[in-house]
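Participant: The primary structure of each chain is shown beneath.
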Amino acid sequence: MAKEGRNSIEETIIEAPLTEHELENMLVGFLEALEKEHRLGLTDGKKDKETAPQGESA
Amino acid sequence: MRREPIRIAVVQLARLGDSVQSLMALRAAQQLYPELEITYVAHESFAVAAERCPWIHRVVKLPTDSLLRPLVNGKRKARGMIPEIAAWIEPLAERTFDMVVNWTYSEASSYLTGILPARVRIGYSRRRDGTLSVVDGWSHYIHSIVQTETLQSIHLTDILTTQLLTALQIHFDDPVEENDGQTVTSKSFFEIKRSPFVCDGWNHPGIRWIALQLGASSEEKTWSPAAWAKLASMILRRHDDTRIILLGGNCEKEIEAKFFEALRAEERTNGTPSAVFEKRLHSKVGKTAFDQWAQILADAQWTISADTAAIHLASVLGTRVLNVSVGPVRFRETGPYGNGHYVVRAPSPESPLSPEAVYASWTYASTEWQHRRELPFADHLRNLESSDLLGKMEVFRSKIRPADVGGGIHFETLIDQRITLANWYGQVLGHLAREWYCGWVPPVGQELERTEVSPELVQNLRKLSEGIEVLDKIYGEIIRTADDLFRKTKTLKSEHLMKLSDREKIHELGKKLEELETLSERVGTAQEPLQAIHRLSKILMHNLTGKRVSEVAEETVGVYRFLRIGVGGLRNWTNHTLGLARPVAVASSSSVVSLADRRAPSA
Chain A
1 MAKEGRNSIE
11 ETIIEAPLTE
21 HELENMLVGF
31 LEALEKEHRL
41 GLTDGKKDKE
51 TAPQGESA
Chain B
1 MRREPIRIAV
11 VQLARLGDSV
21 QSLMALRAAQ
31 QLYPELEITY
41 VAHESFAVAA
51 ERCPWIHRVV
61 KLPTDSLLRP
71 LVNGKRKARG
81 MIPEIAAWIE
91 PLAERTFDMV
101 VNWTYSEASS
111 YLTGILPARV
121 RIGYSRRRDG
131 TLSVVDGWSH
141 YIHSIVQTET
151 LQSIHLTDIL
161 TTQLLTALQI
171 HFDDPVEEND
181 GQTVTSKSFF
191 EIKRSPFVCD
201 GWNHPGIRWI
211 ALQLGASSEE
221 KTWSPAAWAK
231 LASMILRRHD
241 DTRIILLGGN
251 CEKEIEAKFF
261 EALRAEERTN
271 GTPSAVFEKR
281 LHSKVGKTAF
291 DQWAQILADA
301 QWTISADTAA
311 IHLASVLGTR
321 VLNVSVGPVR
331 FRETGPYGNG
341 HYVVRAPSPE
351 SPLSPEAVYA
361 SWTYASTEWQ
371 HRRELPFADH
381 LRNLESSDLL
391 GKMEVFRSKI
401 RPADVGGGIH
411 FETLIDQRIT
421 LANWYGQVLG
431 HLAREWYCGW
441 VPPVGQELER
451 TEVSPELVQN
461 LRKLSEGIEV
471 LDKIYGEIIR
481 TADDLFRKTK
491 TLKSEHLMKL
501 SDREKIHELG
511 KKLEELETLS
521 ERVGTAQEPL
531 QAIHRLSKIL
541 MHNLTGKRVS
551 EVAEETVGVY
561 RFLRIGVGGL
571 RNWTNHTLGL
581 ARPVAVASSS
591 SVVSLADRRA
601 PSA
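Line by line, the protein sequences give chains A and B. Residue 58, in our numbering, is where the first sequence stops; the numbers in between run on with no holes. Residue 603, in our numbering, is where the second sequence stops; the numbers in between run on with no holes.
In case anyone wonders, no lab produced these hints; they're calculated from the structure. Predicted, not measured: the structure shown is a model, and the values here were computed from it. Keep in mind that the hints are not guaranteed to be accurate.
Stated by the list, open to error - DMTMM-like mimics (lysine to aspartate or glutamate), calculated; alpha carbons at most 20 Å apart, straight line:
| hint | chain 1 | residue 1 | chain 2 | residue 2 |
| --- | --- | --- | --- | --- |
| 1 | B | 463 | B | 515 |
| 2 | B | 287 | B | 333 |
| 3 | B | 61 | A | 20 |
| 4 | B | 547 | B | 483 |
| 5 | A | 36 | B | 44 |
| 6 | B | 399 | B | 388 |
| 7 | A | 36 | A | 24 |
| 8 | A | 36 | B | 483 |
| 9 | B | 77 | A | 24 |
| 10 | B | 538 | A | 32 |
| 11 | A | 36 | B | 484 |
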């Protein structure tokens, strides 16, 4: 892998921390999206099934 | 010389199988960058694999179930739960990470990635205003291709490894040394608590243990209990030195019951008392925690499993895997990683995969030492008196490419077959991605054989050639127009106050760009192989960062130059494949010579 791959990565630097309002919105976005993914069964591997990794097939 | 630690946070909020693949990529990166100090963020129920990796600095568990319960029950709203989620994030956000790596590629994980303070982010993130931000090349590829219906041929473990190593090389330093493309499979990958006793005969030198992982992540990917039972019966009847251990979670007890029911019926049919076989078959379904499960997978000679976490865990533990690929599985992306694993599947997701086909694959794979892979698979089927299986199954063997031909895993087919347009295109995309993101160009036509090219593919590629030429012209015109716009706007002192003639010219160029993009949409969506490049164009344009017209125009030039590399690669592959399909004559020396090459020079 060479430095020529430079165009594949862009740097994002957050110069200032998120404001309180921005952070709150991000946290709400996180929780709502997580709830949505949970309802779709994406956070537990198998919806309606036991999820502890006891020989997990997920 | 000791290098400064690089603090990275890896967000992996997917399932256990994804987690193991991420851990493999991380381990590979850490071998080249020992200074990596890794914080690993995972759902509480899937964190155990990372917790067993002594080389991970910290594992942070998201208490998903308890956190979400009030929301799922409708008792509270997300905004009311800010204190709880903030309290969980606070220790993570105390110090700025050198890099946050989001390998979940989900909506929720993108918010978490946006929240964590970091110098560099890769994977999906969020801008300050909450909009989705996808900034690195591999994430563009995942967004526009991997997470769509389009097939592609690069394994996810290779994508994640390359993505992280590229970022580390660009933003930090060169790796300490090359590892010659060695795979990250090791019995010491995990530090597991081994049980002194698994079952009678375990680890006996004269017994071969095969682990069968029943179940899968979804019903459509699950092989039927009756099929598993028939496979087990065939193995036990024909191989006296073999025993089988069944694996699965508590939720797979029902499959286990059906398995035994089917096995008894199978043995009654074959006139053998079932108890004889049941003594050689031990079930651990619902009885193993992670450590014993990993111990069994590590100690067994073979793991046979559908699309489950077991195939990743077994391969990382150095156990050979036969992946029974059932349903809509993209095994080239998520199959077992390493050398010498096998994948068997039916020719289409809808057609059934027979136990006889899986048995034939396993017997071929487990006798490699004997036939040294010089025995064609078709001959193996003939020896088993199962030639009728040809055409009803596909078999692949995994192979890590040497570093000088690009590295990464490749699945070689063992049964000659014609390649479909979708699979052909999957191979082309793998080639383009390596050219785009690795700065290394593999030879056109790598791993494509003349015998795979069908008349139908040729017909499709001829049609595609026309679309490629049109799209290339449109992209060329967009580059010229955006470049004109850039030149016209970069010298302006203000984007608001300017000469009327300048305003008219800028308006004219903007309108032309709009028309060209509409045209490219029409051409780019007309043929499936062009759609992926078109989707990539949308994602790249969405993620432009310029504020001024001149900056956006300059970035647009860059985007379409980049896309044109893809169009050029697609053209090269199309021409190469059409060239392979030219009529050939067999010379007396048996070498294959193209008729075109034998043509006498024109007068």
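Participant: Kindly indicate which numbered hints from before are broken by the structure, ordering the numbers from low to high.
Facilitator: 1, 2, 3, 6, 8, 10 and 11
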